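All chains, please: the whole structure from these sequences, using the hints.
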Amino acid sequence: MKRFSTLGLATAALSLPTLAAAQEAVSFEQRVNDIFAGSTGWFVNLIFMNLPGTNFPWIVMWLVVAASIFTVYFGFIQIKAFGHAISLVKGDYSDPNDAGEVSHFQALTTALSGTVGLGNIAGVAVAISIGGPGATFWMIVAGLLGMASKFTECTLGVKYRNEFPDGTVSGGPMYYMVKGFKERKLPGGRFLAIVFSIFTIGGALGGGNMFQANQAHAQITQITGDFSGLITGSIFAVVVFLVIVGGIKSIASVTEKVVPFMGVMYVVAALVILIVNYDQIGWAFGQIFAGAFTGLGVAGGFVGALIQGFKRAAFSNEAGVGSAAIAHSAVRTKEPVTEGVVSLLEPFIDTVVICTMTALVITISGVLVWDPQAGVYLLNDAGTAIRTVDGSSGVALTSAAFASGFSWFPYVLAVAVVLFAFSTMISWSYYGLKAWTYLFGEGKTTELIFKLIFCFFIIVGAAAQLGAVIDFSDAMIFAMAVVNITALYCLMPIVKREMNSYFSRLKSGEIVKHTD
Amino acid sequence: MSQTTLIVGLDGSEAGNRALEFAKTRAGLIADCRIMLVYVIEWSPFSFQTAEENEKRHARREQELQLAHERVMNPAVEATRAEGLTCEGIVRHGDAADILESLAKKHEAAQIIVGRVGAQGIKARLFGGVTGRLVAGSSVPVTIIP
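So the protein lines, in turn, are chains A and B. For the first sequence, the numbering used here gives the first residue as 681, with consecutive numbering after it. For the second sequence, the numbering used here gives the first residue as 3, with consecutive numbering after it.
Treat the hints as calculated values from the structure; they're not laboratory data. Just so it is clear, the structure is predicted and the values come from calculations on it, not from any experiment. Be aware that a few hints might be false.
Covered stretches of chain B (in silico footprint by chain A; criterion: 3 or more residues with CB under 8 angstroms from a CB of chain A, positions within the stretch not fixed) [as the list claims (entries may be wrong)]: (1) 42–56; (2) 88–99.
Below are the DSS-like pairs computed for lysine-lysine, each with C-alpha atoms no more than 27 angstroms apart in a straight line [what the hints assert, rightly or not]: (3) K929/A - K1124/A; (4) K1193/A - K107/B; (5) K1124/A - K1014/A; (6) K937/A - K58/B; (7) K58/B - K1014/A; (8) K58/B - K1124/A; (9) K107/B - K26/B; (10) K1193/A - K108/B; (11) K58/B - K859/A; (12) K108/B - K58/B; (13) K1131/A - K26/B; (14) K58/B - K770/A; (15) K760/A - K1187/A; (16) K1014/A - K770/A; (17) K1014/A - K108/B.
Positions of the beta carbon are idealized from the N, C-alpha and C atoms, including for glycine.
Below, the structure is given as structure tokens:
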């Protein structure tokens, strides 16, 4: 990370004076990309290393095994507590005397605005074009299992948050690593917290920033025609700067209000397309199930579908990554378990509902080239992904798929993508900042340095090419999961104790609904 | 005879003060009467907030409560008590109409007295202002002071 940022800054400094000419700008982008891929490649390779003798990345196994263990260990909490999660969000159990504090609904939607975004639109398209429709099946499985990981981390996030004398609340994996490990008398909590914070900064700059800027730019150019990513990046950087440095809350609060609306609209549009093509839904599910186990001739076959599905689900809902523990920890509750329960709705909404919608629309729309005679998808010339009708990938592919239903949809999607990207950036700038201040201490100057670096990376992200950015973003987010899940294993007995105590009191009637 | 409770909605405006004046006159005519002053800070648990706003929410809430007490509630309660009337003040976050109604129910109030505030903005036009919704949903008589 450090190596990269130094190099990146140096390149920027060298190239900035020559940016005037468009030709030069292209070469700048090329250079950014080369340096980027070159300096982060080793880390990406390490994270995505295959298990010995297989072509299965160990990190995917790591996430799935963890989510499965949590699912079993907590007795299928995602099924058991699903209904309770909904009544908590509705406020049935909120103390009226706490009115004015952060509600379960607010904590959930804040966390969701950080996860619902390009992962659901672009990430799914990537998963399906590489892994085939079968990837959807594994994505849903990963989403369902991920609910248990989310439950674990968010319960801990609330339990070990810091409540400062000035009344502000902040929490996250770094705090449960330190305090939880101390409570269980385990060594290494502080070390894990530091490593986690470093990766969180990387994740904030990668998946929470560059990937967003990159895909927002891709979506805009699809409508306007090609132009330099530096322009999009700079505009984004300025607006984000105004919000996070300038403290212009109105921009953020407008986004916070528009994003949920966009999310609903996206799902409605997807549903309309599915309803119009209702005769193909059965076929699409057939493709998804068949592809899940056979691969339907896709690159990497069955394993390819599985890896892509799990990877994109993890990237989209961030279960086990630790970011949600930061977002959920400001809620007002006396019972940490309640927020854990609420948080398990997050992967459900994000992955099981929204990602599946995208996947179904892409599958049904016919943008993937299918060979009916051989019964397989045709691959592109490089053999790395399914051939698409117009050669598009990422968010452009989703856009093309939706355009098959509504020709004007790419415009709406462009607005949605820009807003999603923006709200994700704002959320991740906060997560990154929490990690940054954990490492370097609170203070106006240290915070400003991080915020400036964050804005700079928006420009880099918009200018670099998708491949390098997506690899780096994935690698950093998964690196967070390596550290976070290690801590979750060590602390899961605490969560279990909390969970048993809470549910037994709920059953005995000690915890009751507050109704007027 | 049991105590009569009059609930008065304050909002820091002239209309609220007129409602309080009216309540005081009424209270003076009733033998055993208490005036319950209520100030509601508009807030919804279903609004959307950024992580940073959430982090500072608890501190902000304390501030809002303190300001409401200092600027509106305490002076009003003191002035009312100074006239020899029984009075208490409540500051809450939430929806004004809901809170006035639920307090009226809880304390078995004789009536709710509020000032008439003109409808503000599109939301008020669509869903009715606080007074409109209060009248529509209240379980006790509501007096609106023009």
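| task | Provide an ascending list of the numbers of those earlier hints which the structure does not satisfy. | result | Per hint list: 5, 12, 13 violated.
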